[in-house]
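Chain by chain, the residues run as shown.
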Amino acid sequence: MADVMNTLHGFNTTNLHTHGLHVSPSGISDNVLLEIPPRSEQKYEIVIPKDHPAGTFWYHAHKHGSTAANVGSGMSGALIIEGGLDTVPEIARVPDRVMVLQQIPYVNNASKPVCPAISKDTNLTVGVIEAEYADCSFGPRTWDKLGRYTTINGVKLPVIRMQPGSVERWRLIDSAIREVIQPELVRVDHSGQSAPSKLNFHEIAVDGLALGRVATRSKLELWPGYRSDVLIQAPPVSGVQYVLRDARVPGGGVIIPEERRYLAVVIVEGPPNPMPLPTDDAVRRFRLPSIDPKRVTARQSAAYGIIPKGDGVVFTIDRQPLDFDEARQNTLGEVQEWTVISRNNVGPVSHPFHIHVNPFEIFSILDEQSVEQLDRDPKTGAVLPVWRDTIILNEGWKVSFRTEYTDFDGVFVQHCHILDHEDEGMMELVEISKPPAPMPMADAGAMEPKRLGSPYPAPAWSLPDATGKVQKSADLLTRPTVLFFYEGFACLRCNEQMTALVEKAEAFRKQGVQVIGISTDSVADLGKALDGSACPFPLLADPEKRVFRSYGCYADGPLHGLFVLDATGRVHWQNVSMTPYLDVDALLREAGQVAAPARSGAVASRQP
Amino acid sequence: MKTCHTVLRYCATALLLPLSMAAQDNPQPPVMDATAHRQAVEGARKRLQNAWREFGERNARGEMAPDIFSLRVQPKILTTGEMEGLMKQAQAATFPEPDVVRSVNGKLNVTLNVFKARNQIGSDPVYLRSYNGKLVGPTLRCRPGGHSLHHGEQQPRSRTRHGGCDEHAAWV
Ligand SMILES: [Cu+2]
Chain F
1 MADVMNTLHG FNTTNLHTHG LHVSPSGISD NVLLEIPPRS EQKYEIVIPK
51 DHPAGTFWYH AHKHGSTAAN VGSGMSGALI IEGGLDTVPE IARVPDRVMV
101 LQQIPYVNNA SKPVCPAISK DTNLTVGVIE AEYADCSFGP RTWDKLGRYT
151 TINGVKLPVI RMQPGSVERW RLIDSAIREV IQPELVRVDH SGQSAPSKLN
201 FHEIAVDGLA LGRVATRSKL ELWPGYRSDV LIQAPPVSGV QYVLRDARVP
251 GGGVIIPEER RYLAVVIVEG PPNPMPLPTD DAVRRFRLPS IDPKRVTARQ
301 SAAYGIIPKG DGVVFTIDRQ PLDFDEARQN TLGEVQEWTV ISRNNVGPVS
351 HPFHIHVNPF EIFSILDEQS VEQLDRDPKT GAVLPVWRDT IILNEGWKVS
401 FRTEYTDFDG VFVQHCHILD HEDEGMMELV EISKPPAPMP MADAGAMEPK
451 RLGSPYPAPA WSLPDATGKV QKSADLLTRP TVLFFYEGFA CLRCNEQMTA
501 LVEKAEAFRK QGVQVIGIST DSVADLGKAL DGSACPFPLL ADPEKRVFRS
551 YGCYADGPLH GLFVLDATGR VHWQNVSMTP YLDVDALLRE AGQVAAPARS
601 GAVASRQP
Chain A
1001 MKTCHTVLRY CATALLLPLS MAAQDNPQPP VMDATAHRQA VEGARKRLQN
1051 AWREFGERNA RGEMAPDIFS LRVQPKILTT GEMEGLMKQA QAATFPEPDV
1101 VRSVNGKLNV TLNVFKARNQ IGSDPVYLRS YNGKLVGPTL RCRPGGHSLH
1151 HGEQQPRSRT RHGGCDEHAA WV
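Line by line, the protein sequences give chains F and A. For the first sequence, position 192 matches number 192 in the numbering used here, and the numbering has no gaps at all. For the second sequence, position 75 matches number 1075 in the numbering used here, and the numbering has no gaps at all.
The following block holds chain A by itself, in its conformation from the complex (with noise of 0.2 Å):
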């Protein structure tokens, strides 16, 4: 967009934003063999376009329209227990933040492995595919930087290869 170009000269340089995405399936114990399971997704699809077809015909009906009750129902003011009782129900006591991945001298790396990972949302323990075995990828901030090509830089955990991007070669 030629219409970034004039406003935002602040970013002094290019960025270069490596990623490197490693897929794995974390293999589980087989639940139902490859017929069973193959019959299963196909009954989920087949209820799925059900559901689709249903909820047309019940707009047909008229029985879609917004909830009433949700319209005029207001938030309402907590007794003290009621109070401890949502304190209760909060999984922090304070505010997580994802992880942070900071570029340095205007190149950011990061790993991003793909797997099923046990977590806990509230109090139910869930097994779902993930970044890095969290709920929530790594928050990427990216900061222009300088001229940082050749500076070796430390990724001990990355399996990311330098080169092959040179900042000037086609974006400029």
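Extracted from the complex, chain F is given alone in its bound form (with noise of 0.2 Å):
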């Protein structure tokens, strides 16, 4: 295995993550591409904008490779940006508690059973969490072969005293990092008094956006990144308690014993001390305005995926494992429509989807009945988007969002909150540009074919050919180049450019020049293209059009776009337009010059 970059690595290298901050990417603020070795220092600054949304965010380690084992021993904290709810007089005056869910895999003699590289000879007496154990720590089942506790703020089963009748608000945390957590509130002792045998959880917020109402819930369910606020009130009698209960359902067999389902000890004592709830109309005007779907200008869709190969298995997006050459490209001002999707060759498996520095509103979850799995208003029966940062993927299930890119251009990810998968390559950069400068396109038509004083690199891209096969640029575009971007197999003006290029293939050739072509097409109709007849030089596909924007040949629609690359991938010549352009000839001249300097120094190259 040489190439190491997608497993469990680095554990002494760090970083640091604002999970759910709207906050640039970039520099030294919320940017997990900075990489913090060992006996090293770095500053960060993260300036929250003044508008931001108040709540409860969290902050974790994050270097790719060692956030599972980062988090996982606990380096996770809350960040709480006060106000909004806060202001709200019923939650004003209640006890406000911060629980970070932890569940901590160490590692220690008791774990030999389960771990095999605990040969006779180690000696642990304390507990790990280390490299050559990581197939104890983070793996299928492991959190529950190892039967450890799960922990709030560090604690093994804390203590709640609660005054009859009085309200909490808990702002719940799951720093958890691979099994859901579903606490429900159950009544455990035997006194008689008349008091529910479960309590309510009035949840206000999830991942720190306000609900904009109160929905009251008999059980939550918690992925890895996940945060629920909620008031809990306890019932009017003294003398009763409850524990907060983890109500996961495992699989394969596996038999979690009552004790370690038991998260927190609530026990209701004291005087009475009453309090109320807040109404839906108190906490509504919190709630982020919704996103008009009328707004939405660009799309995007995600399939995370467990995949085998050769003797085990890829973390992957879209079927790719994390490629730190590659982003997904967005630009600054878009709407987005996303659709995402968990889809593995290993058996179901559910992934917590989460962005970085955007939150998104969920307007559909569809279960693989098709059945809407969001919350609706229990009045008219309406389906309640809901904003979050963090959504989990079930097996089969569509998750639909929108989202906004107003302020912050950079470079981040996504990625699955199941932060081993994370660390193993189930993780895309995703950058934001600036629009480009008034852009061929503004007019489009209109634009003349340009040889540029200053050659450009080329953005990158892995697409998929005819067969199917990824073909990468960094692969591809070693020699001079001749790429164009055709709307598809049906467009004629696209099949009477291609065939001009086609009839000069030979004399490109000659130069040294290779042509490529992309197109919106998906695999499958890259072949129909020519009427399906031979096409001398490789067709790619994008139907996704992200290449397409990419490279600028995109507005409202994909355009058409021709540019003359050098043996370094460089931009000297391109034309953008609505019309494809069909002077091959003068294409033909532009090509040559720019292939004429590689050809020379090709031959030179030669020469010992």
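Calculated from the structure, these hints are not laboratory results. Fair warning: this is a prediction, and the values are worked out from it, not measured in the lab. Watch out, some of these pointers could steer you wrong.
[Claimed, not checked] Restraint ranges, calculated between C-beta atoms of paired labels, are given here:
id, chain 1, residue 1, chain 2, residue 2, range
1, F, Ser364, A, Thr1079, 44 to 50 Å
2, A, Val1100, F, Leu452, 54 to 60 Å
3, F, Leu384, A, His1037, 51 to 57 Å
4, F, Pro435, A, Thr1094, 51 to 57 Å
5, A, His1037, F, Thr467, 21 to 27 Å
6, F, Pro196, A, Thr1079, 40 to 46 Å
7, A, Val1100, F, Thr125, 30 to 36 Å
8, F, Leu384, A, Val1100, 29 to 35 Å
9, F, Gly557, A, Ala1036, 56 to 62 Å
For every residue, glycine included, the Cβ atom is placed at its ideal position computed from N, Cα and C.
Please assemble the complex out of the two chains, which come individually in their own frames, going by the hints.
If you want it as structure tokens, here you go:
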């Protein structure tokens, strides 16, 4: 295994992420591409916009390869922006508890039966989390095999004492790294007092973002990365006890002993102190406004999946493990609609999707039977969209959301919040670029072909060809290239251009110039170009038009683009327009000029 | 997000949140030499990959279905003895809040030192990478504040350097 990048590695190198904050991902702000090696220091300055939503956010380590090990060891904490819901009188007056839920998968001598790396002469009197025991701390079913207890703020089974009738606000932060936690508040005392067998959670915010209502639930579902702000109201009698209990149902024949399910004890005692809960009306104005679907300008999709490879598996987004040379391209100002799913080839797996910097408004969660899973308005039955920054993707389900890129450009990530999945490759760079200065397509069609004074590096890509094989720009753009973007096989004008290029294919080849076409067609449709006759140069599929966008060949729809690149992948000449460029002889001359120095260089390099 | 700007106007001013992080490895007596360690790590990676392959195979055989027993089991009322046992399990008789660091006049300074530290989870001693030696990092509480950039702040133990971040420069 030569490539360690997408493995659990480098546990002593760390960095910092402010999860859920809408702040810059660049420089020394919320930049998870920074690395802090041992015995070094990194300063961060994170400027929180003055209109940032108030709420329960959190920070944690996020260095690719050590995220699970660091966060799993307890390297996380609450980050609270005060205001907002805090100002509602029924919330302002009640105790405010931070509850960082943790599942710390340490290995010690007692782990010997389940951890083959602990040999007979290993002596682990203290619990550790180290790379040599990575298979015992991180992996399918390891949490239950180790048999550890969930902790809150670093403590096993804390005790909460409430007066009868009183209300508390709990800021639950799920800092666990792999398993879901499904808290319920169940009564365990046998006092015979008249009190309910379960207490409700009155949820006012998820992922720090106000729901705009008080959602009363008997059970919560907290996936790694989730937050839930809930109000808890003690029953009006003294002398009763509840436990905060994890109702998770494991798979694969695992049985969780009852005491391992207990997260905290709630003792109701002392004189009554009745407090009211807020009404929906009192909290409504704190919800972020909805994004009007009519404003959507771009669409994205992402499929999270574990795929068998060789003797093991790879952790992927859109079937690719993390590649630091590739980034999903977006433009500042876009209003996007995303569809995200989990599709695995190792059986059903759920992945908590998280994206940095910009929260999203989920407007649909369809289960495998296409049944809507979002909350509904109890009166009207209408589906209630919800703002979040992390959402579980169950196998076969489909999550749809809208998001808006208003103010921060830069590079950040989307990833699975099962943190060993993330460390092993289930992460993707996401780039938001400033919109290009008035671009050719502004007055589409009028743009003259242009030889550039200063060549610029062509954006990178990896796209499937007609056989489905993924071709990478890093591999292909190593000689002079004519890159053309065409709409698809069904476009007559595209076919006209392509026919003209095919006629001159040999002339390009003689000049040492390769021709590559990129289309909005799917892989299956690529072969339908030229009425199905063979194309002498590779055609690549970009149905999501991500590469079209990154080359500026997009304005309310795909545009025709033609680029001449040198052997180092720099653009020397370009034409982007509503209509395809047809003067192939002129193109041949431009390409020949770009190729000339490369050819002489190639000759020169052959001489010893 | 344009959408936030209109709703949440109560934040009076930008907040600055400078964080200084210092990573250090707390040298432990070497348990193995470098080669043995590398081999051990590679062994763990292989076993982890095998575990996933096995996971796929068990799924294919239909062995990973949700546990029926867990679906049926309901929490139970505890006897006095069981309740006492439960309270003995409780590591803290009260509720422990993490340390708290608050913003002052719109700025929050905190140093997170990263090192391996000894702590206790239940009755188990652990030796884990940590923020400031604890099992949970400090709670950072940011409150919108006044214009304070030029007000000196007491930060005796912070390594953070002031200056260089003008709250009005880039964000407003
Ligand atoms: Cu995952």
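Going down the list of hints, with the structure as the test:
In this structure the hint that Ser364 of chain F and Thr1079 of chain A lie 44 to 50 Å apart at CB holds, the actual value being about 47 Å. Separation of Val1100 of chain A from Leu452 of chain F is about 55 Å and conforms to the stated range, judged on CB atoms against 54 to 60 Å. Taking 51 to 57 Å as the suggested C-beta distance range, the pair Leu384 of chain F and His1037 of chain A conforms, at roughly 52 Å. The supplied range of 51 to 57 Å is met by Pro435 of chain F and Thr1094 of chain A, whose beta-carbon atoms lie about 54 Å from each other.
In this structure, His1037 of chain A and Thr467 of chain F break the distance hint of 21 to 27 Å, their C-beta atoms being roughly 43 Å apart. Checked against the given bound of 40 to 46 Å, the beta carbons of Pro196 of chain F and Thr1079 of chain A, roughly 20 Å apart, lie outside it. Distance hint check for Val1100 of chain A and Thr125 of chain F: the Cβ-Cβ separation is about 33 Å, which falls inside the suggested range of 30 to 36 Å. With their beta carbons about 34 Å apart, Leu384 of chain F and Val1100 of chain A fall inside the hinted range of 29 to 35 Å.
The beta-carbon spacing between Gly557 of chain F and Ala1036 of chain A, approximately 60 Å, falls within the hinted interval of 56 to 62 Å.
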